[in-house]
Amino acid sequence: MQEGNQDRRPEVFYLDEEIRSVKESGILDYRTSRLPVWCPGCGYFGITTAITRALNELGVEPSELLLVSGIGCTGRIPFFVKGYGLHVLHGRALPVATGAKIARPDLQVLVATGDGDCMGIGVGHLPHTARRNVDMVCALFDNNIYGLTKGQTSPTTPAMQVTNSHPYGAPDAPLDPVRFALTVGASFVARGFAGRPRDLQDIFGEAFRHRGFSFVHVISPCVTFDKVNLTYQRLEQSIMPLPKRHDYTDYAMAMERALDRELFMGLFYRADRPTFHDQMQAYAERGAAVG
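Terminal number for the sequence shown in the numbering used here: 291, no gaps in between.
Errors might be hidden in some of the hints.
[To be verified] Okay, the calculated beta carbon distance ranges per label pair: (1) Ala173 x Tyr14: 46 to 56 angstroms; (2) Leu15 x Leu259: 18 to 28 angstroms; (3) Ala173 x Asp106: 36 to 46 angstroms; (4) Ala173 x Ile102: 28 to 38 angstroms; (5) Thr231 x Val290: 55 to 65 angstroms; (6) Met280 x Ile19: 42 to 52 angstroms; (7) Ser21 x Met240: 23 to 33 angstroms; (8) Pro62 x Gln237: 31 to 41 angstroms; (9) Glu256 x Glu57: 24 to 34 angstroms.
[To be verified] Here are the simulated SDA-like cross-link-like pairs (lysine to any residue), alpha carbons at most 25 angstroms apart as the crow flies: (10) Lys23 x Arg76; (11) Lys150 x Val88; (12) Lys227 x Ala271; (13) Lys244 x Leu259; (14) Lys244 x Phe225; (15) Lys244 x Val228; (16) Lys150 x Gly120; (17) Lys82 x Ser21; (18) Lys23 x Leu66; (19) Lys82 x Ala170; (20) Lys227 x Leu263; (21) Lys150 x Pro171; (22) Lys23 x Leu58; (23) Lys244 x Ala271; (24) Lys82 x Val96; (25) Lys82 x Pro127; (26) Lys150 x Gln161; (27) Lys82 x Gly169; (28) Lys23 x Phe45.
In case anyone wonders, no lab produced these hints; they're calculated from the structure. Beta carbons: idealized from backbone N, C-alpha and C, even for Gly.
Please take these sequences and the hints and turn them into a complete structure.
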């Protein structure tokens with residue numbers, strides 16, 4: 001799913017050919033008339049491209065897609081990607097998406113959330129959505145900082161990193177989203193990098209195909225408020241694909257990789273088990289039988 005990062009060379013392409021390819025690919029069918037307003041160079045452009053390419057590849061129609069987002073730079077996604085959209089209260093994207101999936105199980109549900117929205121104010125909802133195995137994709141756009149509110153420390157900011165809210169360094173240990181998702185029982189856990197949208201497209205493709213709760217942690221540089229830690233240059237040098245011998249069906253191995261000091265990319269874990277909708281259907285059938 002991931003390419004190695006040794007001896008990578010820039011991909012050469014001609015602009016007119018690339019424009020023709022994009023038009024012919026069908027991915028523009030997933031874009032609204034609104035232009036993204038993220039900062040030039042923001043990794044969220046790459047993430048959005050990866051998501052729309054994966055949806056196009058799978059043949060998911062915009063009328064079959066629901067995007068739910070909270071507050072933050074990530075929250076703007078429903079305005080830029082065509083489909084049903086819900087822009088909800090800070091930290092409440094997951095419970096709202098759960099209700100929507102119960103009401104419309106036929107929809108492909110994508111939750112787009114940020115490190116503050118998901119790992120801060122909304123962190124209490126992640127364990128319950130994961131343990132219920134609600135059939136949706138949760139994409140965590142993680143730039144290690146509060147970008148929309150101008151560069152404050154977030155729950156994933158590395159300890160001692162200087163931010164606008166902690167000029168002498170962040171005092172708290174950061175949360176690790178992959179470890180957290182594995183710990184609370186997500187049935188699909190992966191990590192990708194916004195700077196490699198084609199690799200990320202493969203990850204999202206697998207996540208959309210998975211029946212259950214898919215958690216995709218996407219590392220994305222904030223080019224405006226973090227010019228030291230989470231930069232494209234540093235990440236290109238530090239990330240690496242999971243070893244070929246990695247067994248994503250082995251929970252213990254997945255956790256071992258997550259605890260490793262290396263910054264691995266790819267699919268850490270996947271398990272097949274009944275979804276929340278399956279459980280609710282069985283529950284209703286038992287109730288009907290008794291009644």
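Structure-based check of all given hints:
Between Ala173 and Tyr14, the C-beta spacing of about 47 angstroms keeps the proposed range 46 to 56 angstroms intact. The hinted window of 18 to 28 angstroms between Leu15 and Leu259 is violated, with their beta carbons roughly 44 angstroms apart. Range check, Ala173 to Asp106: about 42 angstroms between beta-carbon atoms, so the 36 to 46 angstroms window is met. Between Ala173 and Ile102 the C-beta distance comes to about 36 angstroms, which sits within the given range of 28 to 38 angstroms.
The supplied range of 55 to 65 angstroms is met by Thr231 and Val290, whose beta-carbon atoms lie about 60 angstroms from each other. Checked against the given bound of 42 to 52 angstroms, the beta carbons of Met280 and Ile19, roughly 46 angstroms apart, stay inside it. Judged by the Cβ atoms, the range 23 to 33 angstroms given for Ser21 and Met240 holds: they are separated by roughly 29 angstroms. At about 38 angstroms, the beta-carbon gap between Pro62 and Gln237 stays in the expected band of 31 to 41 angstroms.
A hinted range of 24 to 34 angstroms holds for the C-beta pair Glu256 and Glu57, which are about 31 angstroms apart. Between Lys23 and Arg76 the CA atoms are separated by roughly 23 angstroms; this keeps the pair inside 25 angstroms, and the hint holds. Between Lys150 and Val88 the CA atoms are separated by roughly 21 angstroms; this keeps the pair inside 25 angstroms, and the hint holds. Taking the CA atoms of Lys227 and Ala271, the gap is about 38 angstroms. The hint is violated against a cut of 25 angstroms.
A hinted pair counts as satisfied when its Cα atoms are at most 25 angstroms apart, and Lys244 with Leu259 qualifies at roughly 18 angstroms. With a CA separation close to 35 angstroms, the supplied pair Lys244 and Phe225 exceeds the 25 angstroms bound. Simply put, Lys244 and Val228 have alpha-carbon atoms about 31 angstroms apart, too far for the 25 angstroms limit, and the pair is violated. For a cut-off of 25 angstroms, the pair hint linking Lys150 to Gly120 stands: about 16 angstroms separates their Cα positions.
For the hint linking Lys82 to Ser21, the alpha-carbon distance of about 20 angstroms falls within 25 angstroms, and the restraint holds. Between Lys23 and Leu66, the direct Cα distance comes to roughly 23 angstroms. Compliance with the 25 angstroms bound is thereby established for this hinted pair. This hinted pair does not check out: Lys82 and Ala170 have alpha carbons roughly 38 angstroms apart, beyond 25 angstroms. Note on Lys227 and Leu263: the hinted pairing holds, with a Cα-Cα distance of about 19 angstroms set against a maximum of 25 angstroms.
For the hint linking Lys150 to Pro171, the alpha-carbon distance of about 19 angstroms falls within 25 angstroms, and the restraint holds. Our distance criterion of 25 angstroms between C-alpha atoms is met by Lys23 and Leu58, whose separation comes to about 17 angstroms. Note on Lys244 and Ala271: the hinted pairing holds, with a Cα-Cα distance of about 19 angstroms set against a maximum of 25 angstroms. Only pairs whose Cα atoms come within 25 angstroms are accepted, and Lys82 paired with Val96 is accepted, the gap being roughly 19 angstroms.
With a CA separation close to 29 angstroms, the supplied pair Lys82 and Pro127 exceeds the 25 angstroms bound. Pair hint Lys150 plus Gln161 holds up; C-alpha atoms about 15 angstroms apart against a cutoff of 25 angstroms. At most 25 angstroms may separate the alpha-carbon atoms for a hinted pair to count; Lys82 and Gly169 exceed this at roughly 40 angstroms. Taking the CA atoms of Lys23 and Phe45, the gap is near 17 angstroms; set against the 25 angstroms cutoff, the hint holds.
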